[in-house]
Amino acid sequence: MSPLLDQDSAFFDLAQRRNVLFYHKGYFSHNIVAAMGEVVKLQLEIAGVSGPTRRKLFSSFVELSQNIVHYSSDSLQPGNDGGGSIREGAVCITTDGERHLMMCVNPIAAEDVDGLRNKLEPLRSMSVEEIKQAYKITLRADTPEESKGAGLGFLTMARDASAPLEFAFHPRADEPGTTLFCLKAII
Amino acid sequence: MDNLYIAATATSPEVDFRFDQHSLLLRGESYPENAAAFYAPIIEQLRQYLAESAGAVTTVDVVLTYFNSSSTKMLFSVFDALDEAAQSGSRVLMNWYRDEEDETIFEFGEELKADFHAIEFTDRPVAHQGQ
Numbered sequence: 106m107s108p109l110l111d112q113d114s115a116f117f118d119l120a121q122r123r124n125v126l127f128y129h130k131g132y133f134s135h136n137i138v139a140a141m142g143e144v145v146k147l148q149l150e151i152a153g154v155s156g157p158t159r160r161k162l163f164s165s166f167v168e169l170s171q172n173i174v175h176y177s178s179d180s181l182q183p184g185n186d187g188g189g190s191i192r193e194g195a196v197c198i199t200t201d202g203e204r205h206l207m208m209c210v211n212p213i214a215a216e217d218v219d220g221l222r223n224k225l226e227p228l229r230s231m232s233v234e235e236i237k238q239a240y241k242i243t244l245r246a247d248t249p250e251e252s253k254g255a256g257l258g259f260l261t262m263a264r265d266a267s268a269p270l271e272f273a274f275h276p277r278a279d280e281p282g283t284t285l286f287c288l289k290a291i292i
Numbered sequence: 003m004d005n006l007y008i009a010a011t012a013t014s015p016e017v018d019f020r021f022d023q024h025s026l027l028l029r030g031e032s033y034p035e036n037a038a039a040f041y042a043p044i045i046e047q048l049r050q051y052l053a054e055s056a057g058a059v060t061t062v063d064v065v066l067t068y069f070n071s072s073s074t075k076m077l078f079s080v081f082d083a084l085d086e087a088a089q090s091g092s093r094v095l096m097n098w099y100r101d102e103e104d105e106t107i108f109e110f111g112e113e114l115k116a117d118f119h120a121i122e123f124t125d126r127p128v129a130h131q132g133q
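Top to bottom, those sequences are chains F and W. In this text, residue positions in the first sequence follow our numbering: the first is 106, and each later residue adds one. In this text, residue positions in the second sequence follow our numbering: the first is 3, and each later residue adds one.
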């Protein structure tokens with residue numbers, strides 16, 4: 106086998122061993138999210154995932170992907186004059202026995218790290234009931250000015266997840282003003 | 003006033019507001035790029051209709067299979083407008099259709115019932131159509 110095929114085969118073997126149901130790295134626009142949504146629905150159905158779990162995974166997929174469209178700091182159209190947003194990131198769905206892992210990575214401005222951490226950290230110590238209560242309060246509250254998603258997105262993901270959301274920030278050495286934001290939901 | 007019809011897309015629901023028949027329908031999935039921009043004109047026309055139709059009996063069929071977080075927020079405003087009309091003498095009969103297995107949409111329906119007492123709310127679980 107040629108070295109090139111060896112490398113390709115290692116990539117596909119790894120994807121298979123990790124039970125990757127879906128992976129996309131690149132640009133995210135609204136139309137791309139809609140098309141990927143169709144793929145994700147089909148993959149989950151073919152994989153035999155139960156209806157309620159499929160719905161939760163699809164919901165988390167949409168929230169994560171729309172976060173990238175709206176908030177990733179790497180925008181393809183710097184001016185964003187009129188056209189929809191197109192921003193960079195990655196999303197991956199894998200299966201681990203009965204659990205499903207949904208992960209996303211996207212660059213954010215380093216100055217936004219504290220704000221995100223302050224939104225996500227309290228969710229980790231909340232019970233399911235507390236998350237549902239916070240969801241109810243946020244649903245009835247006025248939308249924060251900087252938010253396009255009503256501030257409900259992370260609460261929706263926390264509600265659908267079966268374990269606390271995990272997140273991390275990796276400062277980028279090559280771009281001091283940029284940090285990679287990683288978020289993982291177990292469903 | 004004119005009826006309002008917006009065809010469904012992959013990410014936005016069908017809106018079929020037949021104001022002349024006091025019959026309103028929302029059907030499909032809702033995760034548009036900008037939920038506020040999608041729903042704001044709909045809510046505006048709905049409010050205008052409700053203002054002009056004091057005392058009417060309006061049927062609202064909601065057949066949404068998925069809505070994202072920002073749509074959820076806007077839907078709350080839709081139901082708020084309907085509840086205000088029902089408090090001031092109109093009747094609003096809401097049919098809340100959902101997959102019988104769908105806890106999320108069931109629970110959102112419960113939220114609506116808890117907040118909007120004047121709407122006559124009927125939960126309509128639909129039997130699951132196989133896999």
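Watch out, some of these pointers could steer you wrong.
[Claimed, not checked] DSSO-like, lysine-lysine: derived pairs with alpha carbons at most 30 Å apart: (1) W:Lys115 <-> F:Lys237; (2) F:Lys130 <-> F:Lys241; (3) F:Lys146 <-> F:Lys289; (4) F:Lys241 <-> W:Lys115.
Because the hints were derived from the structure by calculation, they are not lab data.
How the hints compare with the structure:
This hinted pair checks out: Lys115 (chain W) and Lys237 (chain F) have alpha carbons roughly 16 Å apart, not beyond 30 Å. Straight-line distance between C-alpha atoms of Lys130 (chain F) and Lys241 (chain F) comes to about 33 Å, which puts the hinted pair past the 30 Å bound. Our distance criterion of 30 Å between C-alpha atoms is met by Lys146 (chain F) and Lys289 (chain F), whose separation comes to about 19 Å. With a CA separation close to 13 Å, the supplied pair Lys241 (chain F) and Lys115 (chain W) stays within the 30 Å bound.
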